[in-house]
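Colleague: In case you want the letters, here they are:
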Amino acid sequence: MAAHITYLSEAGLTEKFGRRLQARDAKSFGFDADFQVESYLRHQGLSFVDRFDANSYLYITRAMDYFDLAEEHGGRLANAFRGSSARFCLVSFDTDWLYPTRESRAIVHALNAAGAPVSFMELSSPYGHDAFLLDAPELYRVVTGFMGGGT
Amino acid sequence: MNLRPDLAIIADHVAPGARVLDIGCGDGLLMAALRDTKGVDARGLELDAANVAAAVGRGLSVIQGDADTDLADYPAQSFDYAILSQTLQTCRAPDKVLDELLRIGRRAFVSFPNFAHWRVRLSLLWGGRMPVTRLLPERWYDTPNIHHLTVDDFRAYLKEHGVAVEGAWFLSRGRKTTSAAANVLAEHAVFLLRGTGTYNAG
Chain A
1 MAAHITYLSE AGLTEKFGRR LQARDAKSFG FDADFQVESY LRHQGLSFVD
51 RFDANSYLYI TRAMDYFDLA EEHGGRLANA FRGSSARFCL VSFDTDWLYP
101 TRESRAIVHA LNAAGAPVSF MELSSPYGHD AFLLDAPELY RVVTGFMGGG
151 T
Chain B
1 MNLRPDLAII ADHVAPGARV LDIGCGDGLL MAALRDTKGV DARGLELDAA
51 NVAAAVGRGL SVIQGDADTD LADYPAQSFD YAILSQTLQT CRAPDKVLDE
101 LLRIGRRAFV SFPNFAHWRV RLSLLWGGRM PVTRLLPERW YDTPNIHHLT
151 VDDFRAYLKE HGVAVEGAWF LSRGRKTTSA AANVLAEHAV FLLRGTGTYN
201 AG
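For the protein sequence lines, the chains are A and B, in the order given. Numbering-wise, the numbering used here puts 102 at position 102 of the first sequence, and it's gapless, one number per residue. Numbering-wise, the numbering used here puts 79 at position 79 of the second sequence, and it's gapless, one number per residue.
Keep in mind that a hint or two might mislead.
Think about it this way: if two alpha-carbon atoms lie no more than 25 Å apart in a straight line, the pair counts; the simulated SDA-like pairs of lysine to any residue are [what the hints assert, rightly or not]:
no.: 1; chain 1: B; residue 1: 96; chain 2: A; residue 2: 106
no.: 2; chain 1: B; residue 1: 96; chain 2: A; residue 2: 102
no.: 3; chain 1: A; residue 1: 27; chain 2: A; residue 2: 58
no.: 4; chain 1: B; residue 1: 38; chain 2: A; residue 2: 26
no.: 5; chain 1: B; residue 1: 96; chain 2: A; residue 2: 109
no.: 6; chain 1: B; residue 1: 38; chain 2: A; residue 2: 145
no.: 7; chain 1: B; residue 1: 38; chain 2: A; residue 2: 39
no.: 8; chain 1: B; residue 1: 38; chain 2: B; residue 2: 4
no.: 9; chain 1: B; residue 1: 38; chain 2: A; residue 2: 147
no.: 10; chain 1: B; residue 1: 38; chain 2: A; residue 2: 68
no.: 11; chain 1: B; residue 1: 96; chain 2: A; residue 2: 115
no.: 12; chain 1: A; residue 1: 27; chain 2: A; residue 2: 46
no.: 13; chain 1: B; residue 1: 159; chain 2: B; residue 2: 180
no.: 14; chain 1: A; residue 1: 27; chain 2: A; residue 2: 13
no.: 15; chain 1: B; residue 1: 38; chain 2: A; residue 2: 116
no.: 16; chain 1: B; residue 1: 96; chain 2: A; residue 2: 113
no.: 17; chain 1: B; residue 1: 176; chain 2: B; residue 2: 197
no.: 18; chain 1: B; residue 1: 38; chain 2: A; residue 2: 11
no.: 19; chain 1: B; residue 1: 38; chain 2: A; residue 2: 146
no.: 20; chain 1: B; residue 1: 38; chain 2: A; residue 2: 27
no.: 21; chain 1: B; residue 1: 96; chain 2: B; residue 2: 116
no.: 22; chain 1: B; residue 1: 176; chain 2: B; residue 2: 166
no.: 23; chain 1: A; residue 1: 27; chain 2: A; residue 2: 11
no.: 24; chain 1: B; residue 1: 38; chain 2: A; residue 2: 117
no.: 25; chain 1: B; residue 1: 38; chain 2: A; residue 2: 84
no.: 26; chain 1: A; residue 1: 16; chain 2: A; residue 2: 53
no.: 27; chain 1: B; residue 1: 96; chain 2: B; residue 2: 124
no.: 28; chain 1: A; residue 1: 27; chain 2: A; residue 2: 14
no.: 29; chain 1: B; residue 1: 96; chain 2: A; residue 2: 39
no.: 30; chain 1: B; residue 1: 96; chain 2: A; residue 2: 105
no.: 31; chain 1: B; residue 1: 159; chain 2: B; residue 2: 148
no.: 32; chain 1: B; residue 1: 176; chain 2: B; residue 2: 133
no.: 33; chain 1: B; residue 1: 96; chain 2: B; residue 2: 38
no.: 34; chain 1: B; residue 1: 38; chain 2: A; residue 2: 85
no.: 35; chain 1: B; residue 1: 38; chain 2: B; residue 2: 54
no.: 36; chain 1: B; residue 1: 38; chain 2: A; residue 2: 114
no.: 37; chain 1: B; residue 1: 38; chain 2: A; residue 2: 148
no.: 38; chain 1: B; residue 1: 96; chain 2: B; residue 2: 125
no.: 39; chain 1: B; residue 1: 96; chain 2: B; residue 2: 156
Worth flagging that the hints you see were computed from the coordinates, not collected in a lab. All of these numbers come straight from a predicted model, not from anything done at the bench.
So that you can see chain B by itself, here it is in the shape it has in the complex:
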């Protein structure tokens, strides 16, 4: 099993036999790994039709849909974990999606690329152009990442909204890096959050 480092961290910390909703599940690699190694009951939501076909082809239960509009369909606390990996920055309304995530899941994993990583900073500072890096390979006009954020942005958001953090992992070139310098050194961040229970979407 060869999972992307942020997915490997999520896979390591999901309890066996849990019910999991993977939002933006891609071709279902993480879901399949969770099912095969931990007996997890995994469901997925994915925008791209070819990805949905690939995931269903693995025998997974995946719905073609949009995190921005279709999460309201899921009952509160209907999953032990709701996972949003590398998808937050592509949402039209990331704050609403986070609200839904914390409503649906008793716990939620959120992973995103850190826009304050030093490579991104240097690229903008010296190049004066929108950064194109290994983790952010698209150019300004064809990127799906429409709401870039940094580790510190996310921490501030969680604090403002009173969201409890149960775990946080920071990655650089596939290796873990320290929490203190994460805003500069981390390419990826993974947060484990506590659900808000009975958040009312209305």
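Okay, chain A solo, but in the shape it has when bound:
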């Protein structure tokens, strides 16, 4: 449930649920899901538990914690990209607080310092991290152009 919130944005959740109550006329002031947004997040949480082994999440989060690309290259991220022949394109969404724009910019900075060909843009969307899964014509345009533009 907590993780699922990070895929969304406050504006997106407000638009979808607001403070509407879930199948009741008055607040119960208990620990049950009074609000529609609670009910939705509970449903997402339960379906996650059904679909995945919780231990796999422990392993994945540990792997993420231990991963440090810069550390393997003398503490400088730029060194990790040196000598790469790839072209890079980074796109962030302004309401994504799971992968915020400032972190993409840090990667762009490192790629620049390594002299790598890099494109970057921040797209605007009210839908947070999940925006890339939704209809995003600007994203398609950028990716199509980038994929077609081999030099």
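Since chain A is already given, all that's left is putting chain B on it; use the hints.
Modeller: Only chain B this time, still in chain A's reference frame:
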């Protein structure tokens, strides 16, 4: 290829195969022309998201960013040419941007609209209103041009700061005009400057 006259001058004077950073590259027209006709390795920086999308759509490497804040990210002398076309007058701190430009590029092209062109002078003198001309089409409140300058202003700045000029071109209605009367007759100016090498931003 139909480049704006100031861009055409820049394109003509960039050496083939050079590494170029186009600051305020717009939709990437100049970069694409340099890549396609001169085999230039071009990179761009642009503020406007739609312009960045258009440039990346041409297969160019462009970063969405702000000349006023993001040039410090580039190493010294990392490009043969740094280009600032029609962007200087929109910067919050044009002097800092020029410093960065001359640090990043071994050479730098700077082009800007000349606020001392006779049409601008007449408009202000007789009309008493902020000039709205073909090259400066916005009104005082919606213009991105917040630091207007003249050819003579720029020449004085270069002299004060000891910047070496390797070339200068002046344009009126798309045609070249003389250097001597440029401050009155030129709508556009294009300067080619020598980089300062190891300018220290700190």
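Colleague: Against which earlier hints does the structure fall short, listed by number upward?
Modeller: Violated hints: 3, 4, 7, 10, 17, 18, 20, 26, 27, 29, 33 and 38; rest satisfied.
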